[in-house]
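*Asks:* Letter by letter, the chains look like this.
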Amino acid sequence: MSTAGDSRGVLRVARIPARVTLALQPLVLCRLASQLHNPIKVQMPALSPTMEEGNIVKWLKKEGEAVAAGDALCDIETDKAVVTLESNDDGVLAKILIEEGSRNVRLGTPIALLVEEGQDWKQVEIPPPDAPVPPATHAAAAPVAPPAAPSPPPLPKPTTSGPLRLSPAARHILDTHGLDPKLATPTGPRGLITKEDALNLLKKSPALEATPVMAAPPAPSAAPRLAAAPPPPGSRPNIPPLSVPGKPGAPGTFTEIPASNVRRVIAQKLTQLKTTIPHAYASVDCDMAAVMQLRSDLAKEQIKVSVNDFIIKAAAVTLKEMPEVNVTWSGDGPHELDSIHISIAVATDNGLITPIIKDAANKGVQEISANAKALAQKAQDGKLLPEEYEGGSFSIFNLGMFGVIGFSAVINPPQACILAVGTARSELRLREEDQTLQTQQLMTVTLSSDGRLVDDGLASRFLDKFRVNLEQPQHMALA
Amino acid sequence: VVELLTTDGLWLRGSSGARVVVSRSFADFTPQATFEIKKCDLHRLEDGPPLEAELTRDQALQYYRTMQTVRRMELKADQLYKQKIIRGFCHLYDGQEACAVGIEAAITPSDHLITSYRAHGYTYTRGVSVKAILAELTGRKGGVAKGKGGSMHMYGHHFYGGNGIVGAQVPLGAGIALACQYQGNNQICVTLYGDGAANQGQLFESFNMAALWKLPCIFICENNKYGMGTSVERASACTDYYKRGDYIPGIKVDGMDVLCVREATKFAADYCRAGKGPIVMELETYRYHGHSMSDPGVSYRTREEIQEVRSKSDPISLLKDRMLSSNMASVEELKEIDIAIRKEVEDAAQFATLDPEPSLEELCSHIYQNSPPLEVRGTHPWAKLKSSY
Numbered sequence: 103m104s105t106a107g108d109s110r111g112v113l114r115v116a117r118i119p120a121r122v123t124l125a126l127q128p129l130v131l132c133r134l135a136s137q138l139h140n141p142i143k144v145q146m147p148a149l150s151p152t153m154e155e156g157n158i159v160k161w162l163k164k165e166g167e168a169v170a171a172g173d174a175l176c177d178i179e180t181d182k183a184v185v186t187l188e189s190n191d192d193g194v195l196a197k198i199l200i201e202e203g204s205r206n207v208r209l210g211t212p213i214a215l216l217v218e219e220g221q222d223w224k225q226v227e228i229p230p231p232d233a234p235v236p237p238a239t240h241a242a243a244a245p246v247a248p249p250a251a252p253s254p255p256p257l258p259k260p261t262t263s264g265p266l267r268l269s270p271a272a273r274h275i276l277d278t279h280g281l282d283p284k285l286a287t288p289t290g291p292r293g294l295i296t297k298e299d300a301l302n303l304l305k306k307s308p309a310l311e312a313t314p315v316m317a318a319p320p321a322p323s324a325a326p327r328l329a330a331a332p333p334p335p336g337s338r339p340n341i342p343p344l345s346v347p348g349k350p351g352a353p354g355t356f357t358e359i360p361a362s363n364v365r366r367v368i369a370q371k372l373t374q375l376k377t378t379i380p381h382a383y384a385s386v387d388c389d390m391a392a393v394m395q396l397r398s399d400l401a402k403e404q405i406k407v408s409v410n411d412f413i414i415k416a417a418a419v420t421l422k423e424m425p426e427v428n429v430t431w432s433g434d435g436p437h438e439l440d441s442i443h444i445s446i447a448v449a450t451d452n453g454l455i456t457p458i459i460k461d462a463a464n465k466g467v468q469e470i471s472a473n474a475k476a477l478a479q480k481a482q483d484g485k486l487l488p489e490e491y492e493g494g495s496f497s498i499f500n501l502g503m504f505g506v507i508g509f510s511a512v513i514n515p516p517q518a519c520i521l522a523v524g525t526a527r528s529e530l531r532l533r534e535e536d537q538t539l540q541t542q543q544l545m546t547v548t549l550s551s552d553g554r555l556v557d558d559g560l561a562s563r564f565l566d567k568f569r570v571n572l573e574q575p576q577h578m579a580l581a
Numbered sequence: 025v026v027e028l029l030t031t032d033g034l035w036l037r038g039s040s041g042a043r044v045v046v047s048r049s050f051a052d053f054t055p056q057a058t059f060e061i062k063k064c065d066l067h068r069l070e071d072g073p074p075l076e077a078e079l080t081r082d083q084a085l086q087y088y089r090t091m092q093t094v095r096r097m098e099l100k101a102d103q104l105y106k107q108k109i110i111r112g113f114c115h116l117y118d119g120q121e122a123c124a125v126g127i128e129a130a131i132t133p134s135d136h137l138i139t140s141y142r143a144h145g146y147t148y149t150r151g152v153s154v155k156a157i158l159a160e161l162t163g164r165k166g167g168v169a170k171g172k173g174g175s176m177h178m179y180g181h182h183f184y185g186g187n188g189i190v191g192a193q194v195p196l197g198a199g200i201a202l203a204c205q206y207q208g209n210n211q212i213c214v215t216l217y218g219d220g221a222a223n224q225g226q227l228f229e230s231f232n233m234a235a236l237w238k239l240p241c242i243f244i245c246e247n248n249k250y251g252m253g254t255s256v257e258r259a260s261a262c263t264d265y266y267k268r269g270d271y272i273p274g275i276k277v278d279g280m281d282v283l284c285v286r287e288a289t290k291f292a293a294d295y296c297r298a299g300k301g302p303i304v305m306e307l308e309t310y311r312y313h314g315h316s317m318s319d320p321g322v323s324y325r326t327r328e329e330i331q332e333v334r335s336k337s338d339p340i341s342l343l344k345d346r347m348l349s350s351n352m353a354s355v356e357e358l359k360e361i362d363i364a365i366r367k368e369v370e371d372a373a374q375f376a377t378l379d380p381e382p383s384l385e386e387l388c389s390h391i392y393q394n395s396p397p398l399e400v401r402g403t404h405p406w407a408k409l410k411s412s413y
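If you read the protein sequences in the order shown, they are chains G and V.
Add 102 to the 1-based position in the first sequence for our numbering, that's all there is to it.
Add 24 to the 1-based position in the second sequence for our numbering, that's all there is to it.
Wrong hints could be hidden among the right ones.
[As the list claims (entries may be wrong)] Quick list of the computed label-pair ranges, beta carbon to beta carbon:
no., chain 1, residue 1, chain 2, residue 2, range
1, V, Gly402, G, Leu375, 47 to 57 angstroms
2, V, Gly402, G, Lys371, 50 to 60 angstroms
3, V, Ala192, G, Asn206, 41 to 51 angstroms
4, V, Gly402, G, Asp387, 54 to 64 angstroms
5, V, Arg89, G, Ser150, 32 to 42 angstroms
6, G, Asp222, V, Gly112, 53 to 63 angstroms
7, V, His404, G, Lys182, 27 to 37 angstroms
8, V, Lys172, G, Lys182, 25 to 35 angstroms
9, G, Asn206, V, Gly112, 24 to 34 angstroms
10, G, Ser150, V, Lys172, 22 to 32 angstroms
[Stated by the list, open to error] Derived lysine-lysine pairs resembling BS3-like cross-links, with alpha carbons at most 30 angstroms apart:
no., chain 1, residue 1, chain 2, residue 2
11, G, Lys163, V, Lys165
12, V, Lys336, G, Lys197
13, G, Lys143, V, Lys367
14, V, Lys155, V, Lys165
[Unchecked claim] Listed below are several chain G residues computed to face chain V (Cβ distance under 7 angstroms; list not exhaustive):
no., residue
15, Pro147
16, Ala168
17, Gly172
18, Asn190
19, Gly210
Please keep in mind that the hints were generated in silico from the structure rather than gathered at the bench.
Just so we're clear, the structure is a prediction, and the values are computed from it rather than from any experiment.
Just so you know, even glycine gets a beta-carbon here, dropped at the ideal spot from N, CA and C.
Kindly produce the complete structure, drawing on both the sequences and the hints.
*Replies:* Okay, here's the thing in structure tokens:
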């Protein structure tokens with residue numbers, strides 16, 4: 103018990119509910135003046151470890167709306183997903199500084215201001231956008247109106263007072279070009295000189311690029327390096343600029359060539375058919391002695407044919423003998439063709455074109471030769487008609503004139519096979535009969551076939567027959 | 025129902041109807057009050073902690089201050105992490121402040137405490153300053169572990185961290201209790217673990233040895249309902265963690281009420297100091313953030329659930345309401361404390377951001393407790409580093 107004048111006492115509480123309503127408290131509306139104008143800044147957070155900037159997708163609270171700790175404030179699109187930003191404080195959302203739909207907002211930029219409940223949120227002071235954002239705000243002692251043109255102490259740059267901080271890529275670039283890191287302006291966190299800063303410094307000093315790199319020791323830093331090795335003298339000159347390991351395509355080390363439409367279409371088509379058609383490969387070496395002999399014999403009679411023409415003829419003849427290879431893919435199965443049209447691949451400036459030699463099996467080598475020459479010329483001039491390059495059941499691609507020994511080609515759909523022909527090369531062979539050495543002219547051909555139509559077994563038999571036809575051209579008279 | 029035995033009406037109504045306060049002296053506040061606290065479920069115990077707790081004004085303000093500091097410190101760590109000033113692991117403790125503060129209120133600074141990686145709150149209650157904690161999180165030389173430990177390796181006086189491996193600290197805690205028993209110094213060891221670690225095998229090995237040798241160890245399970253993202257129903261066959269000690273007595277405590285935690289820990293400490301052996305406590309609590317900073321925390325629970333806990337059982341709000349309803353403090357006083365704490369945490373964050381990192385000479389130091397400079401193997405057998413001490 104106590105008298106009225108006694109201000110002390112012991113309070114006995116019978117029951118306290120979990121949340122006591124505010125009505126029981128003495129209601130006091132006087133607040134300290136210094137609290138009024140210190141809005142809480144909401145900054146753009148790093149919602150994923152690799153995030154540098156984000157987009158604000160949607161604000162979930164309006165200006166003037168009350169916000170409780172844990173409430174969702176806005177949706178932010180990171181480099182990976184859309185994540186909701188929650189508020190850590192209670193208050194009223196006073197001002198949205200960055201509207202929804204803004205893109206590429208950097209980490210740390212203030213995006214909104216929160217004030218405490220009960221304050222006039224309309225009168226909130228908006229900090230100027232270019233002021234550096236130190237975390238400290240002087241709360242209780244600040245006067246009512248915070249300085250409108252603030253100069254809060256900017257974060258001191260460690261380059262002036264502390265050790266130089268270089269990223270490994272930046273250090274490599276500056277070392278190789280013999281540049282002074284102190285001249286670079288750091289833009290990374292806590293005064294880090296990033297690779298971009300190093301490259302900017304490089305751009306600004308083009309005179310240094312032309313001189314050969316001397317062993318310029320790296321700029322001294324307060325922290326001792328554990329393994330300090332200056333670049334060896336006489337290392338390679340800087341034209342073109344060195345690329346950085348792991349990042350070969352750094353700016354300044356490549357030029358972009360825009361792709362023409364034809365190239366783009368070729369690229370797209372090639373990707374599609376290389377990935378959708380199951381290719382099977384088979385190679386065989388052909389002894390070209392007989393063909394060479396035949397060719398030179400014909401040349402004596404003023405008939406000019408090339409080795410390629412013989413190859414075309416041999417392929418056509420083999421296809422006639424093995425019609426199950428002369429198929430196309432009709433969507434769900436092989437579709438045997440009744441005529442043999444061979445496409446030959448011609449390299450032009452605009453890419454690869456495949457004009458067709460029609461009915462090759464029934465033409466002689468001379469006629470094939472004439473056709474091939476005419477078509478090649480038309481292809482180079484870009485004057486091929488559609489029926490001259492559409493269709494065909496088998497392709498031949500010869501890169502022998504470039505000295506290529508062997509290669510594998512990509513099938514032209516809807517064809518089943520393509521034969522890749524290399525150059526004739528000389529090889530020594532031991533003759534069984536009399537144990538003497540003999541030079542052979544071998545030529546490697548590789549057949550790429552559509553595994554659904556011409557599997558390895560069939561391809562091998564085809565190649566064997568083809569080789570026999572080519573090595574003994576007299577067989578072609580039988581067809 | 026509240027009976028106010030003092031009436032000192034110093035409130036005036038101004039002419040416009042606004043209420044104005046004339047200065048109130050601290051002598052107007054109630055110096056002490058008794059509150060009812062929830063009854064604790066008991067396992068293998070006849071009597072449990074008392075049903076009423078006495079709270080003085082000073083104690084109340086101290087608990088409020090500590091809890092609010094831990095809360096703001098954790099939120100500031102969240103903010104700094106989102107600005108990429110803190111990197112790596114960061115497991116935040118906001119929502120669970122009553123556990124740390126209640127336990128600390130019941131033990132003495134000479135008692136021992138060891139916990140898991142959600143340790144920032146305990147680091148503070150065991151005596152490390154906010155500045156040192158935040159600087160350790162940012163990895164600067166002003167940090168409590170000189171910037172070399174980070175979030176999960178902070179230590180203090182009779183505080184053994186800060187342990188990254190789940191459940192690894194429980195055998196260590198039993199060992200510390202063994203040391204207390206061996207040295208006969210009447211100290212106890214409080215060993216904390218979470219609901220996720222409660223199913224680890226080494227805990228039961230520790231229980232066995234502690235019970236066998238009657239070690240003065242309080243095993244406390246902080247059950248925040250989710251082990252990373254797995255709710256307790258999906259993780260444990262038996263979710264009564266206070267009963268998991270089997271032959272060890274257990275108490276289940278409301279971990280959001282700081283007074284309940286304090287009384288239960290006092291009871292447990294007395295039990296251990298009397299030589300009766302170990303005791304298990306389960307603190308039912310809740311964390312507002314996700315498991316760590318890479319966990320948004322809303323993929324396995326709804327935002328509504330978090331908001332509900334925040335509004336109904338937030339530990340700081342509970343204490344604040346108690347203080348205000350029993351007239352132990354005024355709203356402005358608490359607001360002043362809030363502002364002061366905010367400033368303290370801001371200053372600490374500023375320090376943590378601007379402090380320099382430890383220099384490279386420190387790389388190999390502090391390997392042994394007491395040794396002259398020695399040679400240390402670097403990243404490959406032919407790289408040699410020198411430690412300064």
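*Asks:* None of the hints should be skipped; say for each whether it holds.
*Replies:* Hint by hint, here is what the structure shows:
{"no.": "1", "hint": "Gly402/V with Leu375/G: 47 to 57 angstroms", "result": "53 angstroms, holds"}
{"no.": "2", "hint": "Gly402/V with Lys371/G: 50 to 60 angstroms", "result": "54 angstroms, holds"}
{"no.": "3", "hint": "Ala192/V with Asn206/G: 41 to 51 angstroms", "result": "44 angstroms, holds"}
{"no.": "4", "hint": "Gly402/V with Asp387/G: 54 to 64 angstroms", "result": "55 angstroms, holds"}
{"no.": "5", "hint": "Arg89/V with Ser150/G: 32 to 42 angstroms", "result": "35 angstroms, holds"}
{"no.": "6", "hint": "Asp222/G with Gly112/V: 53 to 63 angstroms", "result": "41 angstroms, violated"}
{"no.": "7", "hint": "His404/V with Lys182/G: 27 to 37 angstroms", "result": "35 angstroms, holds"}
{"no.": "8", "hint": "Lys172/V with Lys182/G: 25 to 35 angstroms", "result": "31 angstroms, holds"}
{"no.": "9", "hint": "Asn206/G with Gly112/V: 24 to 34 angstroms", "result": "26 angstroms, holds"}
{"no.": "10", "hint": "Ser150/G with Lys172/V: 22 to 32 angstroms", "result": "26 angstroms, holds"}
{"no.": "11", "hint": "Lys163/G with Lys165/V", "result": "40 angstroms, violated"}
{"no.": "12", "hint": "Lys336/V with Lys197/G", "result": "29 angstroms, holds"}
{"no.": "13", "hint": "Lys143/G with Lys367/V", "result": "15 angstroms, holds"}
{"no.": "14", "hint": "Lys155/V with Lys165/V", "result": "11 angstroms, holds"}
{"no.": "15", "hint": "Pro147", "result": "3 angstroms, holds"}
{"no.": "16", "hint": "Ala168", "result": "13 angstroms, violated"}
{"no.": "17", "hint": "Gly172", "result": "5 angstroms, holds"}
{"no.": "18", "hint": "Asn190", "result": "5 angstroms, holds"}
{"no.": "19", "hint": "Gly210", "result": "5 angstroms, holds"}
Hint violations for this structure: numbers 6, 11, 16, all remaining hints satisfied.
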